[in-house]
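K.L.:
By full-length UniProt numbering, the letter at position 64 of the sequence shown is numbered 64, and the numbering carries on one by one without gaps.
Don't read these hints as lab results, they were simulated from the structure.
Please note that a few of the clues may not be correct.
Listed below are the simulated DSSO-like cross-link pairs for lysine-lysine, each with C-alpha atoms no more than 27 Å apart in a straight line [claimed, not checked]:
hint, residue 1, residue 2
1, 129, 145
2, 146, 64
3, 236, 248
Being a predicted model, the structure only gives us computed values, none of them experimental.
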Amino acid sequence: MLSRLYPRTGLQEALKCVAKSQVPRVFVATSSVSKTSNQRDLVNFPRPKQLEHSPPVVFGFVPKSWFDFFYPKTGVTGPYMLLFGSTVYMFSKEIIVVNPELCLGAMFVTSVTFIHMKYGNKIKEIIYKIHDEEVANLNSAQNMKKDELKQSIQMNEDYVRQIGGTLSYLPQAQRENVYLQMEAAYRSRIQEAYTNVKRMLDYQAERDEIERRVTQKNLVDWVIGNVEKSITPELKKNVLKQCIADLKTLTVRA
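My request is simple: use the sequences and hints to build the entire structure.
P.N.:
This is the structure in structure tokens:
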């Protein structure tokens with residue numbers, strides 16, 4: 001209960017809002033894990049939720065819920081009278097002693113109150129603005145990630161739908177693929193056999209051509225050799241004379 005007496009100023013509210021941008025990361029992570037458990041009574045013991053802003057206070061530090069508790073029983077002025085009466089009682093019984101420390105405390109409280117009333121709202125607005133920008137950036141990144149995941153899910157659903165439509169044709173396509181592979185192997189082997197047979201035929205044709213040329217050359221050489229052997233020197237002389245005579249005859253006619 002005493003922890004709730006801590007002063008709640010506009011500046012403190014703003015600082016808590018800034019801290020909220022960092023705390024929920026761990027808080028949400030632990031909550032997401034615990035949500036899967038069925039061992040918690042969520043009706044009687046709900047999970048705590050971090051508030052966006054601090055609850056309202058009175059006099060800068062007293063929770064307003066305390067005043068709301070007294071309103072049905074004592075009326076609107078009840079909690080104020082209780083606070084005033086308790087203060088007067090503590091002064092009268094010297095529970096609160098008037099000394100220099102009390103004056104310093106009063107001056108400190110007055111200074112803090114003045115700073116809060118003068119600059120608290122401005123500082124709160126600045127910090128709230130920074131907080132809102134950070135939250136907007138985080139929400140933007142989260143929304144972008146959600147959009148990417150939605151697109152991925154849509155693409156996967158389309159892919160599954162397409163695959164579902166083609167499953168009936170898959171066995172036939174596989175058989176045709178096997179047939180094409182067999183046809184390609186058959187054509188490759190036919191081409192290989194054709195190449196080997198052509199090479200053998202080319203070799204045989206070239207061999208026959210070489211044998212024919214060699215035989216022809218040998219035959220010509222043999223004929224020429226026999227003819228040269230059959231020609232005697234006297235025959236050569238007579239033939240030479242006959243050629244000279246023919247040339248002379250041709251010359252006279254010309």
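K.L.:
Measure nothing beyond the straight line between the CA atoms of residue 129 and residue 145; if it is 27 Å or shorter, mark the hint as holding.
P.N.:
holds (24 Å)
K.L.:
Please work out if residue 146 and residue 64 have their alpha carbons no farther apart than 27 Å.
P.N.:
violated (40 Å)
K.L.:
Measure nothing beyond the straight line between the CA atoms of residue 236 and residue 248; if it is 27 Å or shorter, mark the hint as holding.
P.N.:
holds (18 Å)
Of the hints listed earlier, the one the structure fails to meet is number 2.
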